[in-house]
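Peer 1: Chains as they are written, first to last, in my numbering: chain A, 1 to 113; chain B, 1 to 112.
Don't read these hints as lab results, they were simulated from the structure.
Beta carbons are placed, not taken as given, at the ideal position from N, Cα and C, and that holds for glycine.
There's no promise every hint is true.
[Unchecked claim] So, partial list: chain A residues that the calculated Cβ filter (under 10 Å) puts toward chain B:
1) Val-4
2) Thr-18
3) Ser-32
4) Leu-34
5) Tyr-36
6) Ser-51
7) Ser-52
8) Lys-56
9) Phe-71
10) Leu-88
11) Val-93
12) Thr-94
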Amino acid sequence: EDKVVQSPLSLVVHEGDTVTLNCSYEVTNFRSLLWYKQEKKAPTFLFMLTSSGIEKKSGRLSSILDKKELFSILNITATQTGDSAIYLCAVAVTTDSWGKFQFGAGTQVVVTP
Amino acid sequence: DGGITQSPKYLFRKEGQNVTLSCEQNLNHDAMYWYRQDPGQGLRLIYYSQIVNDFQKGDIAEGYSVSREKKESFPLTVTSAQKNPTAFYLCASSIPGHQPQHFGDGTRLSIL
Numbered sequence: 001e002d003k004v005v006q007s008p009l010s011l012v013v014h015e016g017d018t019v020t021l022n023c024s025y026e027v028t029n030f031r032s033l034l035w036y037k038q039e040k041k042a043p044t045f046l047f048m049l050t051s052s053g054i055e056k057k058s059g060r061l062s063s064i065l066d067k068k069e070l071f072s073i074l075n076i077t078a079t080q081t082g083d084s085a086i087y088l089c090a091v092a093v094t095t096d097s098w099g100k101f102q103f104g105a106g107t108q109v110v111v112t113p
Numbered sequence: 001d002g003g004i005t006q007s008p009k010y011l012f013r014k015e016g017q018n019v020t021l022s023c024e025q026n027l028n029h030d031a032m033y034w035y036r037q038d039p040g041q042g043l044r045l046i047y048y049s050q051i052v053n054d055f056q057k058g059d060i061a062e063g064y065s066v067s068r069e070k071k072e073s074f075p076l077t078v079t080s081a082q083k084n085p086t087a088f089y090l091c092a093s094s095i096p097g098h099q100p101q102h103f104g105d106g107t108r109l110s111i112l
């Protein structure tokens with residue numbers, strides 16, 4: 001059974017802190033790993049990672065994948081209150097001729113002023 | 001602007017009643033998905049569809065049904081057989097081939 005585990009489940013930090021979120025996976029037919037941010041309603045896409053060791057960066061957010069140890073981390077530096085959200089990790093797996101996505105439970109991040 | 005529209009935003013179901021959640025997209029995406037989100041459990045796949053008139057069960061399809069008569073539309077019916085329907089339902093679409101999904105704003109379903 002495909003499994004994606006995120007940790008921690010929740011955390012509270014102060015503005016300006018750095019946050020590291022973890023996503024580990026055990027799946028067959030791994031294709032890629034994706035990170036999403038969900039503030040109130042619709043998750044919005046952050047990163048898609050397919051290769052080990054290559055960091056993807058967007059502003060204060062960055063992410064990297066380790067396909068040998070089967071995990072990814074999402075870093076947020078100099079956090080702001082607008083970073084408060086649920087961060088979802090999803091792994092794309094291949095079934096049939098195309099794939100589906102296995103999601104983790106998410107990490108709730110609260111950034112206090 | 002292209003996007004996914006889910007309606008209604010809030011829905012209440014009476015015992016024994018079927019209800020239908022709407023999902024429309026104008027992104028010209030072939031693949032569409034329905035997910036259920038419960039607190040602390042992330043997103044669980046209910047049904048997905050790659051092309052018109054074809055769809056597949058996800059991990060938690062029991063008590064739900066879908067149709068895909070048009071590329072733009074993928075409605076989800078929550079039947080009376082679904083005994084615990086209270087949840088947040090998200091519709092998504094994508095280009096097939098493991099590309100990032102675009103999500104709607106969701107429908108929150110509660111039991112009266």
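Peer 1: Could you run down the list of hints and mark each one as holding or not?
Peer 2: The hints, checked one at a time:
A cut of 10 Å between beta carbons decides the hint on A:Val-4: the least distance to chain B is about 8 Å, and the hint holds. Taking 10 Å as the C-beta cut-off, the interface hint given for A:Thr-18 is violated, the closest approach to chain B being about 24 Å. Interface hint at A:Ser-32: satisfied, since its Cβ lies 6 Å from the closest Cβ of chain B, which is below the 10 Å cut-off. Interface restraint check: A:Leu-34 against chain B, minimum CB-CB distance 6 Å, threshold 10 Å, status holds.
With a cut of 10 Å, the hint placing A:Tyr-36 at the interface with chain B holds, because the nearest CB-to-CB distance is about 8 Å. Of the supplied interface hints, the one on A:Ser-51 is violated, with its beta-carbon coming no nearer than about 14 Å to a beta-carbon of chain B, more than 10 Å. Hint status for A:Ser-52 relative to chain B: violated, with the closest Cβ pair at about 17 Å, above 10 Å. With a least beta-carbon distance of about 12 Å to chain B, the hint placing A:Lys-56 at the interface is violated under the 10 Å criterion.
Interface hint at A:Phe-71: violated, since its Cβ lies 16 Å from the closest Cβ of chain B, which is beyond the 10 Å cut-off. Using the Cβ-Cβ criterion of 10 Å, the hint placing A:Leu-88 at the interface with chain B is satisfied: the shortest such distance is roughly 6 Å. About 8 Å separates the beta-carbon of A:Val-93 from the nearest beta-carbon of chain B, less than 10 Å, and the hint is met. Hint on A:Thr-94 holds. Least Cβ distance to chain B is approximately 8 Å, under the 10 Å limit.
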